[in-house]
Amino acid sequence: MRRLAAATEQLYLAALYLFIIAPLIVVAATSINTATSFPAPFEGLTFKWYRAIFAHSEFIHAARTSALVGTISAALGTVAAFLAAYALRRRGKRENVLLNAALVSPILVPQVVISLAMLQFAALFQLSGGLPSLIGVHTVYALPFALRLIMVGLVRFDFQS
Amino acid sequence: MGKGLKAGEITYGGGQSAAVGMPVRKGLRRKRQSLDATALLLAPCLALLLLCLGIPLIVILVSSFQPNVLLERDGPGFYNYEYLVAQRYYAVVLVRSIRLALLATLVTLPVSYAAAMLLPRLTGRVGNLAIMGLTFPILAGPLVVILGWMALLPGRGPLFGPLVAWGVIAPPRIIGTETAVLISLVHFLLPFAILTLYTTIRQIPRELYEAAESLGAGSVRAFRDVTLPLSLPGVLSTAIILFSLGASSYISPHYLGGAAELTLTTLIAQFILATYNSPLAGAAAILLLIVMLVSIVGLILAFRPFIRP
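Order-wise, the sequence lines are chains L and V.
Its first residue numbered -15, the first sequence is counted upward by one per residue in the numbering used here.
Its first residue numbered 95, the second sequence is counted upward by one per residue in the numbering used here.
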């Protein structure tokens, strides 16, 4: 009976993980498939798509932009979130509801809405170049996640000394 | 249940007042200094929020009251909202957004709760790998995952293809329906749900289970009287996060629902990209925000009777 329960548990987790990973496996398989259409059954192994994409200057440019936006907004967001988390933890248990709401608000605002708002904001002040607003929006979107994790990390930190 | 043990004490651990054991006046001065320091430390975060979220939101709020090209009106007014609310088509879109987010939340919660209870039993390398595996779809990003679903879900794709070939079923049409959006939404929400519920359940002290067991409670009873009530605050916050993520997701309904199954997010994108009607897009965005806030308050009120103080 116990064994049966354990087997059911493992089967459940295995099925769940298969569901979680399946789309990624399919994408990975597609990337080394010789078929030229998508979606297509697996026909043969090839790495020509990787060669093709690295020969594509637009891809290199886009990848660079992604890396830039990712690293800068991650760095900015982590620093800002760390300072805020430190301040909040140091104050101890008393929680400011309004402050908390403000700090998690980016999760509640859909990305489409943030993007639209930023677009109109940038257009209003005629800010040229999308990169700064792109970085700004990503930083703000990452803030609540960073804040949460850092606050958990600071739980055992001794602020007395 | 142990006396004096509250759910709140488990969720918010640590943290001590800085002024403990200090003379009152010195404590007060120190408190003011620490308030200044707090403000300074919070400044970067709040400045970012104001500049990249607060002010832009005010801009679209203002623009949502501006006349749009479809309606021949002058001066600011509520007509963008009136237009959106009056059209049956948009009401259908709004209801579909809420229905999808709610359904995805309702399916994801129990599935991930069970997983979060089972995961701590995996130890060592398997346990680490299991937790790490959850972050794969998040790391890959929703766009990559959607590409996977677009390959998996067609009637003759790898999922249904064999059944179709053996003549068990006729090729199902899933892409372009709400079912496809729901499947990918649940998939998108699962890792977030499992990770947050996992921390919630892990925070319940082990001694409580031992106490329950020594008092003769079976595993069902221990679940009903210990695990479930103590994890409910965590379940509520998870439900709020899931609903928000579901209602605000854009990529799933865009690629798997398409124009036939518009949601508020894809509708907003259509207003911007297809017709460049920014006042109408702004009104739809504000409407989406209001709908989400109302739904979240509703969720909190619905959960409230079950959460012990």
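For the record, the hints were derived by calculation from the structure and aren't laboratory data.
Incorrect hints may have been included.
As the list claims (entries may be wrong) - Residues from chain V shown here face chain L by an in silico Cβ test under 7 angstroms; the list is partial:
#1 VAL153
#2 GLY242
#3 HIS348
Stated by the list, open to error - Covered stretches of chain V (in silico footprint by chain L; criterion: 3 or more residues with CB under 8 angstroms from a CB of chain L, positions within the stretch not fixed):
#4 144 to 152
#5 182 to 196
#6 263 to 269
#7 296 to 307
#8 393 to 400
Computed from a predicted model, the values in this text were never measured in an experiment.
All C-beta atoms, glycine included, are put in the ideal place defined by N, C-alpha and C.
Enumerated hints in conflict with the structure, sorted upward: Violated: hints 3, 5, 6, 7 and 8.
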